[in-house]
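Here the protein sequences line up with chains H and R, keeping their order. Numbering-wise, the first sequence is residues 1 to 338 according to this note's numbering. Numbering-wise, the second sequence is residues 1 to 311 according to this note's numbering.
Just so you know, the hints here were simulated from the structure itself, not pulled from any lab data. Don't be surprised by glycine CBs; every beta carbon is placed ideally from N, CA and C. Hints are supplied without guarantee of correctness; some may be wrong.
As the list claims (entries may be wrong) - Stretches of chain R that chain H covers, calculated by requiring three or more beta carbons in the stretch to come under 8 Å of a beta carbon on chain H:
{"id": "1", "region": "29-36"}
{"id": "2", "region": "94-105"}
Unchecked claim - According to the in silico footprint, chain R covers these stretches of chain H (three or more CB under 8 Å from chain R):
{"id": "3", "region": "158-169"}
{"id": "4", "region": "212-226"}
{"id": "5", "region": "274-281"}
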Amino acid sequence: MSVQFSPLQTYREPFSFRNSPKAIRRFPFPFTEDSYLYSVNIEPANSKDPGSIYEHWFDIDEHYRSEMAERARVLDKDPRRYLVLAHMQEAAWDALEMLMHKLAADYPQWFELDCDGLHWHWRNKALEIDQRFTFGDATTLPCEPLEFITRQVQGDFALLDQRDGDLFMDAGMVTSPADWSLAFDAGMSFKQWHSPVPMAHQMGIFDRALKYLLNVPVGQPVRRLNWTLTINPRLDSSPETFHEWGADRGSVTAENAGRLVHLRVELQLMARLPRSNGLMFSIRTYLISLDELVSQPGWGCRLHRVLRDLPEPIADYKGMTRYRATLVQWLSRFDPDA
Amino acid sequence: MSALLQVQVSAARLLTPLVREFTLVPCAGSLPGFSSGSHVQVHLPLGERTLRNAYSLTGDPADNRHYRIAVRLQEASRGGSRYLHQQVEVGDRLTLSPPANLFAPHSGAQLHILIAGGIGITPFMAYLEALQRRQANVELHYLYRPGLTDAYLDELQERLGSRLHRYAAGTPCDLQAILRDRPLGSHVYTCGPQRLLEAVRETASRLGWPASRVHWEAFSAAQPGQPFELELARSGRRLQVSAEQSLLEALESAGIAPPSLCRGGVCGQCMTRHLQGEIEHRDSFLSRAEQAEFLMPCVSRGCGPRVLLDL
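Pulled out of the complex, with its shape left as it was, chain R reads as follows:
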């Protein structure tokens, strides 16, 4: 029984031509509090189907009057970000799943090193509010394309001064220099494109950082694929999964909803056993051996005509 939240768009503005920010207020009552690094799932009614995209909350966790999200228009989108950019206006209502946090700052950190790529800045906007309030030691490294994916740059410059390190596209970002010789008790957090995450993890590992001090959040959502038929072994039901729909969304629209959190193939919540059919695994949670038996329906899908699931 997930208590969905009904919100209204109270403000919307373009931060760059590619990034649109929304301020969301409750339609009734108050919004649940959230911690920095949390995300919400936004339910997007696109025709017959409902997409659910996860977006980081960028506002101040201490301010419970509204939520704020920033959405990057994705070129190869299933339509969710385009809908939010082109259809949603101030005054419109949206449905959210309550906040969940898979990317919280570590309470034991002596120094927080944040590395953001483009729209990956969003969770760190809430981090900075919380960390600065508790006077934590923090520095931000921001990689962006000027005028396109540099949301909040001026605000951050004002706020952080010399603790902001800017890397406009073309300016090299030397991860070795950022991660070498840091004090004991440092934690590094990165959010952005997969390439950046892999580079940070790889560099940190090479320099001897313990894995427990390296945190990342992939900024990925379900990608489209080819349509296929879904059969459920226990109930005998048959469903169609369209090209633009994830397997999880198809299950949800049929009223069969395994629990889900990240919707990006990372957290492991929606893990489901598959019994037959070719699977294209797109998650980063299951091992190769586990993938032979399970799949993550939030991102992975069938790549043949039909998939049989143990549901």
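Pulled out of the complex, with its shape left as it was, chain H reads as follows:
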């Protein structure tokens, strides 16, 4: 299945991001029931449904060039979105190796990798990058290995160190977070960086998830979906830029909800980094406006019921309290029972 890229679109004012009909069809609508509650919804990341976002470990889609341009813009303004603690060098090379091998194998029309021992030749035809380098020697790359490769792959990446029976957020590239900050979470343990999540701690979710993740074997990653809402197709909704986007939550009206409000779904992949025994946590974000979303049969109705019945603490954590009533009202027209 060959991927074609859309012309460059923007994820900031003036917003021009939109999905093609194909992108709408493959959007990972996350709700399997008419209600939502936290669960350890982790499954083996086996390839399925050719053409879908589940076919490859790292999904490249029509937004590739736009998203990489957005990452470059964010990093220009705030280089601290990328961070690697000293003991994570090996994990960074591990990540580069995994990403290059997977992209070259899964998207040969865009990426090529030749390895002759430690002498590697990487070609990214989508971004016109042609780089020869020595694996393990950062001086042979234009920037550090994790930065080099994650400027070329859609999605955010956190590299977790595994020690003391826990996972620590000790490296990453995070330019499109759903309101969290790598610089803030750096060095934190699994439960520390999840501490703002309501209800799930009491449900034992994080104990079970951590136990599961500590045992992810080499070559057998796992995945899950997570979701929230974002006003405008803004990838960079980070605490660092809250002053730029926080007020947007007050602008939702019955007239503009379909255009302004976006469902934001994260496909999270957790893969063992073979040589460092670290865990790669990739967060691939998909945005869809509600106007686009309701074009799919059943999605508007289900989203109406989910948002209407969502427990208050979860709605508040996901930042929708200010416009929830307006939005539920707007969605009710798609629910025959409403």
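Add chain R to chain H, keeping to what the hints say.
Okay, now just chain R, sitting in the frame of chain H:
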């Protein structure tokens, strides 16, 4: 869905009369990378049943062309190590479960103190490759029986010089001296017989080491026992567990495979609820209270005629 690896023995040599080293290359494609301290499960077809023994990978984690394991011939063996010593030849094929790591070096350690007893040297062979590459501070204490369980001794001497401390059988190894007054940020790792592990943990604890800086890997596999009948409550199936087979292996050969990692009663992965029958618990994972309800089928087994499991 565990992706099993098919490998071929490309070299085999006796390191001592008791320790045989195998070099394994992929039958097709390439092998997954691994981190130091990892082990693989080797599937051993012994007649009707398949044993699965866990062995540390001893090669260089940076070299993904082959895996290397070293196997000690066990006198009271269920037949796995004897099979590897006496039956397997260069060119033979073996099936492996992919590498897993329950014994990784700690990324925050300022000094790594390794204490190996006999065949317990194996995980540290990979440690030394990785730790020396990142120029970490490391010392090795090696307890062995000369000519029998002293695998890799000359190589280690050359490699480590004065950072290798040798304790041939009969030479006392003063754990107090090794563990006393070490710098903040030291971590100690031990692998070998149960007696050594207990002595290291006990000495470290007495000297005030925090438990989080003391790491160990038991070198144990399932031991034989008496045969018994197994009944599965949910499916109503009945299986026979032979004397040489572990309960987990019996479940696996019936196509019922709870996830497993260490196969030594340590990691907790294969924990299963038991409902009836006398159990001989041999794990070091469950508390006494938990054992009343659960068992670890990789090492523990029935000691009466019949066991009923919640499967």
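Going through the hints against the structure:
no.: 1; hint: 29-36; result: holds (count 4)
no.: 2; hint: 94-105; result: holds (count 5)
no.: 3; hint: 158-169; result: holds (count 4)
no.: 4; hint: 212-226; result: holds (count 5)
no.: 5; hint: 274-281; result: holds (count 4)
Consistency with the previously given hints is maintained throughout, with no hint failing.
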